[in-house]
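Colleague: Its first residue numbered 2, the sequence shown is counted upward by one per residue in the working numbering.
Hints in this document: simulated from the structure, not taken from any laboratory. Just so you know, these numbers come straight off a predicted model, no measurement behind them. Backbone N, C-alpha and C fix where the C-beta goes; we use that ideal spot for every residue, glycine too. Check before you lean on any hint, since a few could be wrong.
As the list claims (entries may be wrong) - Derived pair list, reagent style DMTMM-like, types lysine to aspartate or glutamate, alpha-carbon separation capped at 20 Å: (1) 208 - 188; (2) 128 - 116; (3) 152 - 180; (4) 156 - 175; (5) 128 - 115; (6) 46 - 36; (7) 45 - 34; (8) 152 - 220; (9) 146 - 187; (10) 44 - 34; (11) 17 - 27; (12) 146 - 183; (13) 128 - 138; (14) 208 - 187; (15) 46 - 58; (16) 145 - 187; (17) 44 - 32; (18) 197 - 221; (19) 46 - 34; (20) 145 - 191; (21) 156 - 183; (22) 203 - 183; (23) 145 - 183; (24) 18 - 30; (25) 178 - 143; (26) 128 - 113; (27) 101 - 90; (28) 145 - 180; (29) 152 - 187; (30) 203 - 188; (31) 146 - 188; (32) 192 - 220; (33) 156 - 188; (34) 45 - 56; (35) 101 - 113; (36) 44 - 56.
Stated by the list, open to error - Label-pair ranges, simulated between beta-carbon atoms: (37) 96 - 178: 35 to 41 Å; (38) 178 - 238: 53 to 59 Å; (39) 236 - 180: 54 to 60 Å; (40) 176 - 131: 40 to 46 Å.
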Amino acid sequence: EGGPGRKMIKPVFVPKKERETIAEREKVEAEMDAEWERRETQKKKRAEESRQLVEIEVAREEEMAFVEANAEASEVDTDDDVDEAAEFESWQRREWSRIKEDREVREKFIAEREELERIRGMSEEDKAAWLAANPREDDTKERKKMGFMQKYYHKGAFFQEGSDDQFGTAGPHEIYKRDFSEATGEDRVDKSSLPKAMQLRKGQFGKMGQTKWTHLSAEDTTQFEDNPWMDKKSKALDEYSKKMAGNKQSFEKPKHLK
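Construct the complete structure from the given sequences, taking the supplied hints into account.
Modeller: What follows is the structure, given as structure tokens:
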């Protein structure tokens, strides 16, 4: 203890989480400097954008002031010179025509309803005489007869008759007035004169997997002699019917269980 040797510093233990080396300290300082530079650059960028927006707004206000100062009197949209009496008379005419149209529609509806009630109250003879004296117009269009095995095309159900709005601004297109029952392509050929093997629908001739069935009108569904399901003398059918549910005609009352 009291010898001439060198004095030693007492070692102090430093936890691992508190240990720092020079390299790590320099790395942290470099990251902090980079973050500070990034923030300064962002501040300058925002200041530049704000300055540009202010310049654009000032230029727009100056342009609007110049246009307003040099605008001619004819370019100013104002209704100070409108004749109010003439405008009021025009509005009155429009309102009167609308009221008149509404009254005519209402009176027509009431007359049709009264006529319907009167017809319902007639006897059969009077009703037949009235219908004969006042025949109704048939609005149904005559449907053309389609060809043998001709493909049917449905033209759709919307926008076919009149306008699709109450003001009549948009009507049906001209294409909807075409005859959709007219034969096209291979359907123009009369297939009834062709051999039975060629009486097929469009695009099916010459393909694999064809069946003998063509269409329902060519099938006879009234012949029951060759149908085994309709043969009442068949024992196999009788045995099968007994096994089917709901075919037992007798019902036994269940016995009382003690």
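Colleague: All hints, please: hold or fail.
Modeller: Hints, one by one, checked against the model:
Note on residue 208 and residue 188: the hinted pairing holds, with a Cα-Cα distance of about 18 Å set against a maximum of 20 Å. The straight-line distance between the Cα atoms of residue 128 and residue 116 is roughly 12 Å, inside the 20 Å bound, and the hint therefore holds. Between residue 152 and residue 180, the direct Cα distance comes to roughly 14 Å. Compliance with the 20 Å bound is thereby established for this hinted pair. For a cut-off of 20 Å, the pair hint linking residue 156 to residue 175 stands: about 13 Å separates their Cα positions.
A C-alpha spacing of about 15 Å is found between residue 128 and residue 115, which places the hinted pair at or below 20 Å, so the restraint holds. About 15 Å separates the Cα atoms of residue 46 and residue 36, which keeps this hinted pair within 20 Å; it holds. For the suggested pair residue 45 and residue 34, the alpha carbons sit about 17 Å apart, so the restraint of at most 20 Å is met. Simply put, residue 152 and residue 220 have alpha-carbon atoms about 19 Å apart, close enough for the 20 Å limit, and the pair holds.
Between residue 146 and residue 187 the CA atoms are separated by roughly 17 Å; this keeps the pair inside 20 Å, and the hint holds. Between residue 44 and residue 34 the alpha-carbon distance is near 15 Å, which keeps this suggested pair within the 20 Å criterion. As the CA atoms of residue 17 and residue 27 are separated by approximately 18 Å, the hinted pair is consistent with the 20 Å bound. With a CA separation close to 9 Å, the supplied pair residue 146 and residue 183 stays within the 20 Å bound.
The hinted pair formed by residue 128 and residue 138 meets the criterion: a straight-line CA distance of about 17 Å does not exceed 20 Å. The suggested pairing of residue 208 with residue 187 holds, with an alpha-carbon distance near 16 Å, which does not exceed 20 Å. Restraint check for residue 46 and residue 58: the C-alpha separation of about 19 Å stays at or below 20 Å, so the hint holds. With a CA separation close to 18 Å, the supplied pair residue 145 and residue 187 stays within the 20 Å bound.
Taken as a hint, the residue 44 and residue 32 pair is honoured in the structure, with Cα atoms around 19 Å apart against an allowance of 20 Å. A hinted pair counts as satisfied when its Cα atoms are at most 20 Å apart, and residue 197 with residue 221 qualifies at roughly 16 Å. For a cut-off of 20 Å, the pair hint linking residue 46 to residue 34 stands: about 18 Å separates their Cα positions. Of the pairs offered as hints, the one joining residue 145 and residue 191 holds, with about 16 Å between alpha carbons and a cut-off of 20 Å not exceeded.
The straight-line distance between the Cα atoms of residue 156 and residue 183 is roughly 12 Å, inside the 20 Å bound, and the hint therefore holds. A C-alpha spacing of about 15 Å is found between residue 203 and residue 183, which places the hinted pair at or below 20 Å, so the restraint holds. Taken as a hint, the residue 145 and residue 183 pair is honoured in the structure, with Cα atoms around 8 Å apart against an allowance of 20 Å. At roughly 18 Å between alpha-carbon atoms, residue 18 and residue 30 fall within 20 Å of each other, so this suggested pair holds.
For the proposed pair residue 178 and residue 143, the alpha carbon gap of about 14 Å is at most 20 Å, so the pair holds. Note on residue 128 and residue 113: the hinted pairing holds, with a Cα-Cα distance of about 16 Å set against a maximum of 20 Å. Taken as a hint, the residue 101 and residue 90 pair is honoured in the structure, with Cα atoms around 16 Å apart against an allowance of 20 Å. Annotation: proposed proximity of residue 145 to residue 180 holds, straight-line Cα distance about 9 Å (limit 20 Å).
A distance of roughly 10 Å separates the Cα atoms of residue 152 and residue 187; the hinted pair therefore holds under the 20 Å criterion. Distance restraint check for residue 203 and residue 188: the Cα-Cα separation of roughly 7 Å lies within the 20 Å cut-off, and the hinted pair is therefore satisfied. Distance hint between residue 146 and residue 188 is fulfilled; the C-alpha atoms sit about 13 Å from each other, no more than 20 Å. Between the alpha carbons of residue 192 and residue 220 the distance comes to roughly 17 Å, so the proposed pair stays at or under 20 Å and holds.
For the proposed pair residue 156 and residue 188, the alpha carbon gap of about 17 Å is at most 20 Å, so the pair holds. Only pairs whose Cα atoms come within 20 Å are accepted, and residue 45 paired with residue 56 is accepted, the gap being roughly 17 Å. For the proposed pair residue 101 and residue 113, the alpha carbon gap of about 18 Å is at most 20 Å, so the pair holds. Annotation: proposed proximity of residue 44 to residue 56 holds, straight-line Cα distance about 19 Å (limit 20 Å).
At about 37 Å, the CB distance of residue 96 to residue 178 agrees with the hint of 35 to 41 Å. A C-beta distance of roughly 57 Å is found between residue 178 and residue 238, which places it inside the suggested range of 53 to 59 Å. A beta carbon spacing of about 58 Å between residue 236 and residue 180 agrees with the range 54 to 60 Å that was offered as a hint. Checked against the hint of 40 to 46 Å, the C-beta distance between residue 176 and residue 131 comes to roughly 42 Å, which is consistent with it.
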